[in-house]
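Participant: Sequence:
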Amino acid sequence: MLLKYISIIILSVSFNTVANETLNVGSDEWCPYICNEVHKPGVLIEVINEIAKHNGLDINFNILPLARSLILLQQSKLDMVLALTAEHIEEYHLKRSLKVYGGWYHDFYVIKTNPWKFSSIESLKKEIEQGNTLGIIKGYKYSDGITQLQETSGQHIYSASGNSPLSNILMMLSKQRISMVLDSRFNIEYELQNSNISNLKYAGTDGDFVPLYIGYSPEFKVKYINIFDQGLIKLRATGQLSKILKRYGIPDWQAKSLN
Numbered sequence: 020m021l022l023k024y025i026s027i028i029i030l031s032v033s034f035n036t037v038a039n040e041t042l043n044v045g046s047d048e049w050c051p052y053i054c055n056e057v058h059k060p061g062v063l064i065e066v067i068n069e070i071a072k073h074n075g076l077d078i079n080f081n082i083l084p085l086a087r088s089l090i091l092l093q094q095s096k097l098d099m100v101l102a103l104t105a106e107h108i109e110e111y112h113l114k115r116s117l118k119v120y121g122g123w124y125h126d127f128y129v130i131k132t133n134p135w136k137f138s139s140i141e142s143l144k145k146e147i148e149q150g151n152t153l154g155i156i157k158g159y160k161y162s163d164g165i166t167q168l169q170e171t172s173g174q175h176i177y178s179a180s181g182n183s184p185l186s187n188i189l190m191m192l193s194k195q196r197i198s199m200v201l202d203s204r205f206n207i208e209y210e211l212q213n214s215n216i217s218n219l220k221y222a223g224t225d226g227d228f229v230p231l232y233i234g235y236s237p238e239f240k241v242k243y244i245n246i247f248d249q250g251l252i253k254l255r256a257t258g259q260l261s262k263i264l265k266r267y268g269i270p271d272w273q274a275k276s277l278n
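So the sequence shown is residues 20 to 278, counted in the numbering used here.
Any given hint might turn out to be false.
What the hints assert, rightly or not - Straight-line distance between alpha carbons at most 27 Å, and here's what the computed DSSO-like set of lysine-lysine pairs gives: (1) Lys131 - Lys72; (2) Lys118 - Lys262; (3) Lys114 - Lys96; (4) Lys114 - Lys242; (5) Lys160 - Lys59.
Said to hold, decoys possible - Label pairs and their in silico Cβ distance ranges: (6) Asn74 - Ser162: 18 to 26 Å; (7) Asp77 - Pro134: 47 to 55 Å; (8) His73 - Lys265: 33 to 41 Å; (9) Ser142 - Asn39: 19 to 27 Å; (10) Ser178 - Ile216: 14 to 22 Å.
Hints were generated in silico from the structure; no laboratory data involved. C-beta: ideal position from N, C-alpha, C; glycine also.
Model the full assembly from the supplied sequences, consistent with the hints where possible.
Facilitator: Written as C-alpha cells, this is what we have:
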C-alpha cells in the first residue's frame, strides 16, 4: 500500500513538472515594437514574454522577413506573427487577437534639404514619376492609394526586404540612394535616435492611425488567444505596460484605438 501511495505522489509531481508549451513566433525587426537586442527586445516581445511567463508558456522568437513569416503562419509552421494589420489577417486567412497590440501611421520622411511634403497621392505620384524613388517595406500593408501606385508606378518604388528592412531603407535615404521613405513615425524616430543618421525629417502623413494585431495560425487554440488578450488587459491595469512603453519612449496606443 505504501508503494502505491509513493507511486501516486511521484506521478503527481511528474505532471506538475511537465515542460511548458512552446509557442513559435516570427516577425521582422521593427523597433521599438520588435527589436533584435538582448536587453531591449522590443515592446511587443516584452509584452508577450511577460504574459507567457505567468501562464506556463514559453516563447521561441525568431527574426524573419515579414513576407516569409506570413507564409509560415498561414501554413501553421509558426504560431504567432506580431504587428499585423486587419488586411494581413484577412488576406492570409489567419486568426487574430481581439485586442490591439500597437499601431502605426503612414508617415513620409525625406532628407532635410528636400522641400517636398506629402499633400495627396496625386502629388506623390507626380513626385516619384520625376525620378524620385519611394522606399517602402515588402509585405507591409499601406493605404489604397499607395497600393494603386505600386501597380501603376511600381518602377519608382523600392520595396525593402530581409530581417531589418526599415533600418536599411533609412540608411539608403540618408545616403540619397532613394528620395523618400514611408513608414511609421514611432519606428522611424526610434531608429533615428539609435543610429548615426541625423539628416532626415518628417514630411507628412497619409491617412490616420492604423491598429495592429497579433496574427495567429489557422490552427491556433482560441484559449491561448484569450490568454494573451486578458494578459494585455492586466499589464495595462497594473501599470506594467506603461513601464515597458516608457523604456522605449512611445505612448500607449489605446488612446488611438477603440479596443
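Participant: Take the hints in turn and mark each one as holding or not.
Facilitator: Hint-by-hint comparison with the structure:
no. : hint                        : in the structure
1   : Lys131 - Lys72              : 44 Å, violated
2   : Lys118 - Lys262             : 19 Å, holds
3   : Lys114 - Lys96              : 14 Å, holds
4   : Lys114 - Lys242             : 12 Å, holds
5   : Lys160 - Lys59              : 26 Å, holds
6   : Asn74 - Ser162: 18 to 26 Å  : 37 Å, violated
7   : Asp77 - Pro134: 47 to 55 Å  : 51 Å, holds
8   : His73 - Lys265: 33 to 41 Å  : 21 Å, violated
9   : Ser142 - Asn39: 19 to 27 Å  : 53 Å, violated
10  : Ser178 - Ile216: 14 to 22 Å : 20 Å, holds
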